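Undergrad: Spelled out from the first residue to the last, the chains are:
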Amino acid sequence: MRTAERPRWRGLAAAGVVHGAALAVLGAFAWILGDLLVAGLGQVDWAFLTAPPQDAGRAGGVGPILASTGILLAICLVVAVPLGLGAAIFLAEFTPAEGRLGRLVRRSLDVLAGVPSIVFGLFGNVLFCKTLGLGFSLLSGGLTLACMALPLIIRTAEASLRAVPPGLRQSAVALGMSRTSVVRHLLLPAAAPGLLAGFVLGVGRALAETAALIFTSGYVDRLPESILDSGRALSVHIYDLSMNVPGGDHRAAASALVLVVALLAINGASALAMGRFGRRLGAR
Amino acid sequence: MLSAVIVLAIFGLVLAEAAPLIARVGPAAFFTDAGWQPTSGRFNLSPMLWGTLLTAAGALLLAGPVGVLTAVHGRFYAPPAWARVQRRVVELLAGIPSVVYGFWGLTVLVPLIARLAPPGPSLLAGILVLALMILPTVTLLADAALAAVPAEQLQGAAALGLGRWATVRGVALPAARAGIGTGVLLALGRAVGETMAVLMVCGNVVQVPESLADPVRTLAANVALEMAYAMGDHRAALFVAGALLTALAALLVALAAVVGRRHAHG
Amino acid sequence: MSLRLEAVGLGLAYRGRAAFAGVDLAMEPGTLTAVVGPSGCGKTSFLACLNRLDELVPGAAVQGRVLLDGADVRGPAVDVVGLRRRVGMIFQRPTPFPLSIRRNLDLPLREHGVRDRAERAARAEAALRDVGLWAEVKDRLDRPALALSGGQQQRLCIARALALRPEVLLLDEPCSALDPLASGVVEDLVRDLGARFTRVVVTHNLAQARRIADQVAVFWVRDGVGRLVEVGPTAAIFEDPQDPDTAAYVRGIRG
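Chains as they are written, first to last, in this note's numbering: chain U, 1 to 284; chain R, 1 to 266; chain C, 1 to 255.
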């Protein structure tokens, strides 16, 4: 019996450590979110969401900033979704999983996903602002965001296309259907929830982004008049308020709360879409 | 195809901006110059490189074990329903923007540290915030790796009468080693490239820190801080920093791929 | 109208490794040929070659010829889409598209240029009647096909192929993923389609082959390569097998 004692002790100690780690993680995040709620909740109302900022953001709201953010995301999506979908269809349907071209593309996607966002900012600054002459503008920022979101969109879209059972493809071909119509009529509808989830994740990544936007879409907190105007994203607003505006912390907290809630909603929607996707395929 | 073009374009453009300066002052200048006074022609990036490496390594030391243990908790200790909730929560945390972590660090963590070990904005603050940021990454990837351990192996261990911890340590963790390694490397990549959160809590003094309470500046933070007004050689030096960061991140991705591949072969 | 299908010296290799080789087999119009043999002997690969479905697999190389009504299906003038309309194929697992029952039948017809809506509906109904599914589904044509039972799904897949008015039907173990009752229904259906189609059925179920086939082709692995070791009328193969492997195989089931 004595020999059995030691492992049991060790097991109990280990269990304590494991439970402790999990609790610590959840506790830390409860702390962060709780702080945000306490500091921000009292200030967020309809006026805050629609009014322009005043006194460098210490007072007023985030209306124009939300508008800029929305435009940035729209530009990002308009560019990244067709490109990403095209690339994913190409990868999933026209290159073998183990082929050389497919491997090369996938490898470069992995690298792209690992490139720090600040480097995307440098890249966007050179290419869109300087070389293409778009200046600090929503268009530059949106295009930079599109480059960042692309790897995520392509990989999730490819995965959901590949998750469509191969039997479906085979029997469609055996019925003499052409490749394009297999893709259009069968694969895209079957993979739709997964594709949607990928787009939503891409939006989430773009919405969370700050570093890449500071020197592509700029700082201006007015309501932009065109997509060639500079505009301030919500995340940049938080950064600016907390770092550069003494006394801006309260409004920063409120803005952070808005951003986090928006992101949670987006991620929740994506999880929901994925769940439906799983069930749809599971029904086979 | 497109993605390969974008990767090349990024490397190409960043290097093109950096190359003239590198060619003129030589690559060694960025590590041996007397300091970082880019407007006076001194381009020593090494304090910032140290700042990047120290914050990232510190964050990994904290987040690595805690993240793996949290994943173990979810897979082997928690009741399934609770584990599902926990996983969902961690997924959501992975989506929280870095600027929010930075803001929280700045308003909560930094004043706390300032009371214990002034001035507050410091290497320690950077490590803590970064650790929180990469925790979800580590946890999710470790969780996926543990989930991929064949059930037969776990049942085999249970059939031998191994306890829960013995099963985890003896069977599950070794079997998931490669997957966990990949996750840790990817998390490290994220830590190296992180800008905003670190920028907001580290104090941004260009120096090699002597203690955890000293402020530091990382490569990424340096770019974000100075890019807005940098001109000429100064601007080019920031692109050198960007190129260095990209190389570090690409190296980590490549390492992760190697580790992952070894996993696939055995 | 059913057509004569003939394999001449047919073989298939994946990345240089032969799956089966040197198969000469004639399938007369309106007959049912059962292809039997142990797993891994190249039966399914053989079937895939008959309507060029092997082209879906990268690294697959075909030798020999497949003659449909005397013309090589791999000939330069052959349009592969038209070939697959004429040579329908049914797979082991039912593969209805994740669409409504109606769209499952409609989509391939449209793809093959049947523009008229009413005609598509008529052909879909005729095909559903042929497989005995019309009474069961006529009130829920717009429900998802995946909600049908396994046996119904498989019959829907057969109807989907029939709606294209093929001349040859290839069936790859069409009953093996179904429960015994549904399996019996599909088996009877395949037999009763009768002389309208030339049918080739891959099966591992010898009793089934004996019940439905006019002709039985036995595949066997020789030196790592699938070969056609014996072919003949069903009765001859079961009562008086010439090849020793065939004899053992047939006896094993009998005993």
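Source of the hints: derived by calculation from the structure; they are not laboratory data.
Careful, some of the hints might be misleading.
[What the hints assert, rightly or not] Restricting the straight-line Cα-Cα distance to at most 25 Å, the calculated cross-link-like pairs of lysine to any residue (SDA-like) are: (1) C:Lys138 <-> C:Arg93; (2) U:Lys130 <-> U:Val79; (3) U:Lys130 <-> U:Gly247; (4) U:Lys130 <-> U:His185; (5) U:Lys130 <-> R:Leu225; (6) U:Lys130 <-> R:Leu251; (7) U:Lys130 <-> R:Pro119; (8) U:Lys130 <-> U:Ser226; (9) U:Lys130 <-> R:Leu112; (10) C:Lys138 <-> C:Glu119; (11) U:Lys130 <-> R:Ala158; (12) U:Lys130 <-> R:Gly12; (13) U:Lys130 <-> R:Arg169; (14) U:Lys130 <-> R:Ala213; (15) U:Lys130 <-> R:Met231; (16) U:Lys130 <-> R:Val206; (17) U:Lys130 <-> U:Ile227; (18) U:Lys130 <-> R:Val5; (19) U:Lys130 <-> U:Arg222; (20) U:Lys130 <-> U:Glu225; (21) C:Lys138 <-> C:Arg102; (22) U:Lys130 <-> R:Val259; (23) U:Lys130 <-> R:Thr107; (24) U:Lys130 <-> U:Leu223; (25) U:Lys130 <-> R:Arg24; (26) U:Lys130 <-> R:Tyr229; (27) C:Lys138 <-> C:Arg117; (28) C:Lys138 <-> U:His185.
These numbers come from a predicted model, not from an experiment.
Undergrad: If a hint holds in the structure, say so; if it doesn't, say that too.
TA: To see whether the hints hold, each was checked on the structure:
Proposed proximity of Lys138 of chain C and Arg93 of chain C is supported: the alpha carbons are some 23 Å apart, at most 25 Å. The hinted pair formed by Lys130 of chain U and Val79 of chain U meets the criterion: a straight-line CA distance of about 20 Å does not exceed 25 Å. The straight-line distance between the Cα atoms of Lys130 of chain U and Gly247 of chain U is roughly 35 Å, outside the 25 Å bound, and the hint therefore fails. Distance restraint check for Lys130 of chain U and His185 of chain U: the Cα-Cα separation of roughly 42 Å exceeds the 25 Å cut-off, and the hinted pair is therefore not satisfied.
Using a Cα cut-off of 25 Å, the hinted pair Lys130 of chain U and Leu225 of chain R holds, with the two alpha carbons roughly 19 Å apart. Distance hint between Lys130 of chain U and Leu251 of chain R is unfulfilled; the C-alpha atoms sit about 29 Å from each other, more than 25 Å. Between Lys130 of chain U and Pro119 of chain R, the direct Cα distance comes to roughly 39 Å. Violation of the 25 Å bound is thereby established for this hinted pair. Distance restraint check for Lys130 of chain U and Ser226 of chain U: the Cα-Cα separation of roughly 19 Å lies within the 25 Å cut-off, and the hinted pair is therefore satisfied.
Among the hinted pairs, Lys130 of chain U with Leu112 of chain R is inconsistent with the structure: their alpha-carbon atoms are about 43 Å apart, more than 25 Å. Taking the CA atoms of Lys138 of chain C and Glu119 of chain C, the gap is about 17 Å. The hint holds against a cut of 25 Å. Between Lys130 of chain U and Ala158 of chain R the alpha-carbon distance is near 63 Å, which puts this suggested pair outside the 25 Å criterion. Proposed proximity of Lys130 of chain U and Gly12 of chain R is supported: the alpha carbons are some 15 Å apart, at most 25 Å.
About 55 Å separates the Cα atoms of Lys130 of chain U and Arg169 of chain R, which puts this hinted pair outside 25 Å; it is violated. In summary, the hint linking Lys130 of chain U to Ala213 of chain R is not supported, as the alpha carbons are separated by about 40 Å, beyond the 25 Å threshold. Only pairs whose Cα atoms come within 25 Å are accepted, and Lys130 of chain U paired with Met231 of chain R is accepted, the gap being roughly 13 Å. Restraint check: the Cα-Cα separation between Lys130 of chain U and Val206 of chain R comes to about 29 Å, which exceeds 25 Å; the hinted pair is violated.
Our distance criterion of 25 Å between C-alpha atoms is met by Lys130 of chain U and Ile227 of chain U, whose separation comes to about 16 Å. For the given pair, Lys130 of chain U sits about 19 Å from Val5 of chain R by alpha-carbon distance, which is consistent with the 25 Å threshold. Taking the CA atoms of Lys130 of chain U and Arg222 of chain U, the gap is near 23 Å; set against the 25 Å cutoff, the hint holds. A C-alpha spacing of about 21 Å is found between Lys130 of chain U and Glu225 of chain U, which places the hinted pair at or below 25 Å, so the restraint holds.
The suggested pairing of Lys138 of chain C with Arg102 of chain C holds, with an alpha-carbon distance near 10 Å, which does not exceed 25 Å. The straight-line distance between the Cα atoms of Lys130 of chain U and Val259 of chain R is roughly 39 Å, outside the 25 Å bound, and the hint therefore fails. Distance hint between Lys130 of chain U and Thr107 of chain R is unfulfilled; the C-alpha atoms sit about 36 Å from each other, more than 25 Å. Distance hint between Lys130 of chain U and Leu223 of chain U is fulfilled; the C-alpha atoms sit about 23 Å from each other, no more than 25 Å.
Using a Cα cut-off of 25 Å, the hinted pair Lys130 of chain U and Arg24 of chain R holds, with the two alpha carbons roughly 23 Å apart. Distance hint between Lys130 of chain U and Tyr229 of chain R is fulfilled; the C-alpha atoms sit about 15 Å from each other, no more than 25 Å. Between Lys138 of chain C and Arg117 of chain C, the direct Cα distance comes to roughly 17 Å. Compliance with the 25 Å bound is thereby established for this hinted pair. With a C-alpha separation of about 23 Å, the suggested pairing of Lys138 of chain C with His185 of chain U holds against the 25 Å cut-off.
Hint compliance for this structure: hints 3, 4, 6, 7, 9, 11, 13, 14, 16, 22, 23 are not met, and every other hint is.
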